[in-house]
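Visitor: Residue numbers (my numbering), protein chains in the order written: chain A, 1 to 677; chain B, 678 to 743; chain C, 744 to 881.
Please note that the accuracy of each hint is not assured.
When the alpha-carbon atoms are kept at most 25 Å apart in a straight line, the in silico BS3-like pairs for lysine-lysine are as follows [said to hold, decoys possible]: (1) A:Lys487 / C:Lys835; (2) C:Lys780 / A:Lys366; (3) B:Lys709 / C:Lys780; (4) B:Lys709 / C:Lys822; (5) A:Lys321 / C:Lys835; (6) A:Lys321 / C:Lys822; (7) A:Lys177 / A:Lys223; (8) C:Lys835 / A:Lys484; (9) A:Lys484 / C:Lys881; (10) C:Lys822 / A:Lys335; (11) C:Lys881 / A:Lys219; (12) C:Lys822 / B:Lys713.
Bear in mind the hints are in silico, worked out from the structure with no lab data behind them. What you are looking at is a predicted structure, and each value in this text was computed from that prediction instead of being measured.
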Amino acid sequence: MELSYPMLNKTIIYSKIHLPNCRLSGLIFFCLLSLSAPLYAVQITLNVADVAAPSFTARGIKVVLAQEGSAEFSIDELHMAEKIWRKVHIYCTEFLLNSAHVTCHKGKLDVIPDLPFTFSYEFSSQQLELQFTANANELWQVSADFRAKPWRATALLRNAQSKRLTDLLPSNGALPKQGTLNGTLVIHGDKAGVSKINADLQLADLAATDASGLHAAEKLSGKLHINADRAGQKWNWRGALDWQGGELFWQPLYLRGGHTLQASGQWDGAQLQVTQAVVNLPEVGKIELNALWDIKKSNLLEGHLVGENLSLANGFANYAKPFMEQSILSATALKGRADVDWQYRNGTTQVLLLQLHDVAVEDGEKRFALHGLNADIPWHAQLQNVAHVAFTDGELMGLPLGATQWQIQMRGMDFTLPTATLPLLDGKLEVSDFHIHNVNNMWQWSFSSTLTSISMQKLSAALHWPEMYGSLSGFIPKMSYLNKLLKVDGTLLFRVFDGTVLANNLELFDPFGRAPRLSGNLDMRELDLDLLTRTFSFGNIQGRIDLGVNNLELVNWLPVRFDAKLASSPGKYRKKISQKAVENISSLGGAGGIAALQRSFLRIFENFGYDRIGLSCMLQNDICTMGGVENNGNVYTIVKGGGIPAITVIGYNRKVHWSELLNRLKRVSQDNKAVIK
Amino acid sequence: MKKIWTVLPLAGMALSACVTINIYFPAAAAEKAADKIIDEVWQTEKPVTAPKSDKSPSIAPEIKKE
Amino acid sequence: MNHLIKFCFALFVLCTSAAASAQVNIEINTPGVATLKQSMQARHAQLAEFYASGAVGLTADGMIALRDANAVPMAGRQKVNGLVAAENQDRKALYAEIARANAHPEWEGDIRNTFAQRWIQHAQAGWWVQNGGSWTKK
Numbered sequence: 001m002e003l004s005y006p007m008l009n010k011t012i013i014y015s016k017i018h019l020p021n022c023r024l025s026g027l028i029f030f031c032l033l034s035l036s037a038p039l040y041a042v043q044i045t046l047n048v049a050d051v052a053a054p055s056f057t058a059r060g061i062k063v064v065l066a067q068e069g070s071a072e073f074s075i076d077e078l079h080m081a082e083k084i085w086r087k088v089h090i091y092c093t094e095f096l097l098n099s100a101h102v103t104c105h106k107g108k109l110d111v112i113p114d115l116p117f118t119f120s121y122e123f124s125s126q127q128l129e130l131q132f133t134a135n136a137n138e139l140w141q142v143s144a145d146f147r148a149k150p151w152r153a154t155a156l157l158r159n160a161q162s163k164r165l166t167d168l169l170p171s172n173g174a175l176p177k178q179g180t181l182n183g184t185l186v187i188h189g190d191k192a193g194v195s196k197i198n199a200d201l202q203l204a205d206l207a208a209t210d211a212s213g214l215h216a217a218e219k220l221s222g223k224l225h226i227n228a229d230r231a232g233q234k235w236n237w238r239g240a241l242d243w244q245g246g247e248l249f250w251q252p253l254y255l256r257g258g259h260t261l262q263a264s265g266q267w268d269g270a271q272l273q274v275t276q277a278v279v280n281l282p283e284v285g286k287i288e289l290n291a292l293w294d295i296k297k298s299n300l301l302e303g304h305l306v307g308e309n310l311s312l313a314n315g316f317a318n319y320a321k322p323f324m325e326q327s328i329l330s331a332t333a334l335k336g337r338a339d340v341d342w343q344y345r346n347g348t349t350q351v352l353l354l355q356l357h358d359v360a361v362e363d364g365e366k367r368f369a370l371h372g373l374n375a376d377i378p379w380h381a382q383l384q385n386v387a388h389v390a391f392t393d394g395e396l397m398g399l400p401l402g403a404t405q406w407q408i409q410m411r412g413m414d415f416t417l418p419t420a421t422l423p424l425l426d427g428k429l430e431v432s433d434f435h436i437h438n439v440n441n442m443w444q445w446s447f448s449s450t451l452t453s454i455s456m457q458k459l460s461a462a463l464h465w466p467e468m469y470g471s472l473s474g475f476i477p478k479m480s481y482l483n484k485l486l487k488v489d490g491t492l493l494f495r496v497f498d499g500t501v502l503a504n505n506l507e508l509f510d511p512f513g514r515a516p517r518l519s520g521n522l523d524m525r526e527l528d529l530d531l532l533t534r535t536f537s538f539g540n541i542q543g544r545i546d547l548g549v550n551n552l553e554l555v556n557w558l559p560v561r562f563d564a565k566l567a568s569s570p571g572k573y574r575k576k577i578s579q580k581a582v583e584n585i586s587s588l589g590g591a592g593g594i595a596a597l598q599r600s601f602l603r604i605f606e607n608f609g610y611d612r613i614g615l616s617c618m619l620q621n622d623i624c625t626m627g628g629v630e631n632n633g634n635v636y637t638i639v640k641g642g643g644i645p646a647i648t649v650i651g652y653n654r655k656v657h658w659s660e661l662l663n664r665l666k667r668v669s670q671d672n673k674a675v676i677k
Numbered sequence: 678m679k680k681i682w683t684v685l686p687l688a689g690m691a692l693s694a695c696v697t698i699n700i701y702f703p704a705a706a707a708e709k710a711a712d713k714i715i716d717e718v719w720q721t722e723k724p725v726t727a728p729k730s731d732k733s734p735s736i737a738p739e740i741k742k743e
Numbered sequence: 744m745n746h747l748i749k750f751c752f753a754l755f756v757l758c759t760s761a762a763a764s765a766q767v768n769i770e771i772n773t774p775g776v777a778t779l780k781q782s783m784q785a786r787h788a789q790l791a792e793f794y795a796s797g798a799v800g801l802t803a804d805g806m807i808a809l810r811d812a813n814a815v816p817m818a819g820r821q822k823v824n825g826l827v828a829a830e831n832q833d834r835k836a837l838y839a840e841i842a843r844a845n846a847h848p849e850w851e852g853d854i855r856n857t858f859a860q861r862w863i864q865h866a867q868a869g870w871w872v873q874n875g876g877s878w879t880k881k
């Protein structure tokens with residue numbers, strides 16, 4: 001230690017400062033330099049290499065004491081509470097250090113120049129006072145009494161600007177930008193450290209955000225009340241949070257004020273136990289929960305949540321849907337009430353008891369809906385149980401569903417519905433062996449079913465198709481869904497237009513996506529042309545046809561590719577084609593044909609006889625390659641004449657744009673509708 | 678004529694060589710397709726006029742008197 | 744020998760024309776592409792302001808991402824989340840659909856890369872685009 005006294009009228013007293021739990025160590029050496037300046041400009045400079053204490057170190061301390069009583073402290077590097085400050089500069093207008101106390105009046109920290117402070121410490125009574133004050137009645141005050149047993153420190157905040165805490169908070173989290181804090185924080189302690197904390201804080205107009213804006217708050221106001229007592233290594237705590245107003249966005253949740261939380265529990269540094277908590281969710285209901293949280297790994301070890309009579313409308317929209325933007329439920333709205341009991345342990349849900357009361361589920365894109373849904377779902381991870389689900393009516397892809405009751409057997413992530421009846425229009429879908437299970441986080445399901453006859457009239461009306469007659473019935477040996485692919489094993493049978501339609505190899509990819517893709521083959525036999533032409537107002541044709549459609553592919557229910565072949569069915573039956581129908585077939589090829597017929601004497605006949613009708617279209621890349629009963633180069637026969645008077649319709653251009661063909665078909669059906677009127 | 682006989686096997690070889698064509702990703706065409714879609718989605722360009730319709734009569738009734 | 748040369752030249756021409764025809768076109772006139780295009784076009788009216796404000800940017804992998812939520816009022820952030828998710832779903836479906844419509848499902852990645860470049864190329868000045876992991880303003 002090197003000390004050199006200049007001839008000064010000032011005395012320097014070196015005093016050891018003992019703070020509880022704090023010791024000064026390390027290499028301290030004072031280098032007292034006197035300036036070779038004249039006496040009126042006397043100042044003393046102290047250099048301290050470093051000061052170290054648990055959770056506190058300061059390096060490169062320089063103190064400059066000036067003659068008029070001011071002092072300047074600069075610290076190159078300050079570590080405190082796992083934070084580092086560099087080049088800290090403190091200025092005291094009046095600095096006094098004597099055997100009784102140390103004080104700093106009108107002090108200024110250069111990081112907060114607008115917040116002057118006053119500091120005093122009495123050595124004998126070990127009392128500390130630190131007070132920051134600023135304009136707008138802002139006050140941060142700390143008073144401590146270290147001699148008292150237990151020692152006590154009190155912080156009083158009045159209009160404290162929350163943004164001043166920015167440097168103390170983790171820089172990657174949400175940082176306060178504005179808002180004030182009011183309240184008190186009282187800490188008691190003994191030799192072992194802090195033993196008791198009481199906090200009573202009120203937030204007003206708080207705004208905070210992280211760099212990305214994914215975690216942010218605005219105009220937040222509320223009250224926080226915490227009491228915590230240490231017993232040995234454990235803390236017992238009790239707290240209440242009343243979030244009165246403002247908004248919060250915590251990706252992906254957006255919440256508004258009105259939430260309250262009362263909770264109590266234990267904390268031992270490694271685990272946070274919430275023994276009992278009540279959360280009040282505005283416009284949803286009350287939830288009681290307890291939980292055990294691993295702080296280091298920041299994950300949930302155990303949890304139990306109970307909510308009764310919760311409103312699903314807001315509950316689902318505010319707290320569940322934001323997590324489901326990618327799922328089919330992203331556009332779903334729920335109504336009704338629910339009871340929930342959720343138990344979590346060992347990294348997975350153990351029990352989920354769910355009761356739904358008069359719930360309505362509606363898809364925003366009108367793909368599905370359920371009304372009057374009541375359910376009792378007692379799900380246990382380890383136990384086998386039965387769920388009861390019932391709804392009064394619903395809708396699936398525009399098809400109305402009738403009242404239904406299901407009993408679902410649950411065994412873990414494996415659900416079976418041995419038999420179920422789903423009323424569909426005037427018929428019903430009898431489902432058997434419905435099996436749904438989750439493998440590697442992907443749901444897959446399968447069932448077999450029988451469809452008892454649905455009237456085509458009702459079906460076509462429900463799907464906004466032209467009115468059809470006949471019935472639809474069928475047997476589906478197995479329908480399965482895996483990885484967005486809905487697959488029908490076996491053959492679907494429909495009875496329409498007095499004939500049969502067999503559909504096989506049906507596959508529907510991404511049924512609820514933007515562009516569902518259907519592929520398969522259709523084989524239609526002995527369709528009654530009379531019924532068919534009446535349905536599509538095409539001009540009457542009598543007879544029967546077979547229609548085969550192979551390699552059919554529809555995207556968003558529009559044909560992309562198929563290989564269709566229409567031909568008169570074998571066998572004996574009446575064959576007649578009306579003049580209107582001939583005109584319409586002709587006009588599919590453009591405008592010229594009709595005129596030819598109109599000009600001829602044949603216009604006086606209502607009906608013509610025919611021998612065979614045949615038309616094929618192979619659609620690929622938006623071009624339909626046509627063919628007929630007989631093909632000869634670019635010429636093909638669509639209607640081959642027979643009987644008296646006979647008519648033969650011939651096509652000349654075998655390649656037609658699909659969109660053009662559709663336009664012509666549309667024109668034909670529109671024209672005919674106009675005629676019927 | 679004799680020359681042709683020498684040419685034919687050569688031609689066969691050349692033909693078989695040029696038949697095996699690997700289809701690589703058509704980068705230029707894909708770029709054009711992407712540009713077209715992007716223009717439509719972002720409406721950065723006015724849509725081109727509607728495609729011309731096929732007006733030629735291709736089907737006509739042939740009238741026969743029997 | 745003159746004939747031989749002529750013949751070989753003819754073959755060469757034939758071959759090059761065959762090779763040219765192998766340079767297939769990319770088919771995009773399918774109902775699937777049309778539906779997705781329409782859906783994205785309708786959404787663009789809502790997304791445009793977020794591209795302009797920098798809230799949403801174009802990623803290097805042909806998708807879009809919420810880049811700076813601070814540019815959106817708090818109550819609107821959830822909506823932007825939804826728009827971004829829906830747009831990305833459509834974009835992914837679009838790339839797959841084009842590949843599939845051209846009978847080369849394995850081209851999906853190439854198509855996605857092509858689109859990624861073209862989206863960025865076509866982006867308006869002031870929009871944010873991802874460039875080798877970091878965001879830059881165009």
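Visitor: Hint by hint, note whether the structure agrees.
Guide: Status of the hints after comparison with the structure:
Note on lysine 487 of chain A and lysine 835 of chain C: the hinted pairing holds, with a Cα-Cα distance of about 22 Å set against a maximum of 25 Å. Distance check on the hinted pair: lysine 780 of chain C and lysine 366 of chain A sit about 21 Å apart at the alpha-carbon level, within 25 Å; holds. Using a Cα cut-off of 25 Å, the hinted pair lysine 709 of chain B and lysine 780 of chain C holds, with the two alpha carbons roughly 15 Å apart. Distance hint between lysine 709 of chain B and lysine 822 of chain C is unfulfilled; the C-alpha atoms sit about 32 Å from each other, more than 25 Å.
With a C-alpha separation of about 22 Å, the suggested pairing of lysine 321 of chain A with lysine 835 of chain C holds against the 25 Å cut-off. Between the alpha carbons of lysine 321 of chain A and lysine 822 of chain C the distance comes to roughly 12 Å, so the proposed pair stays at or under 25 Å and holds. Distance hint between lysine 177 of chain A and lysine 223 of chain A is fulfilled; the C-alpha atoms sit about 19 Å from each other, no more than 25 Å. With a C-alpha separation of about 14 Å, the suggested pairing of lysine 835 of chain C with lysine 484 of chain A holds against the 25 Å cut-off.
Under the criterion of a C-alpha separation no larger than 25 Å, the hint pairing lysine 484 of chain A with lysine 881 of chain C is inconsistent with the structure, at around 38 Å. Taking the CA atoms of lysine 822 of chain C and lysine 335 of chain A, the gap is near 21 Å; set against the 25 Å cutoff, the hint holds. Restraint check for lysine 881 of chain C and lysine 219 of chain A: not satisfied, since their Cα atoms lie roughly 34 Å apart, outside the 25 Å limit. In summary, the hint linking lysine 822 of chain C to lysine 713 of chain B is not supported, as the alpha carbons are separated by about 28 Å, beyond the 25 Å threshold.
Checked against the numbered hints given earlier, the structure breaks hints 4, 9, 11 and 12 and satisfies all the rest.
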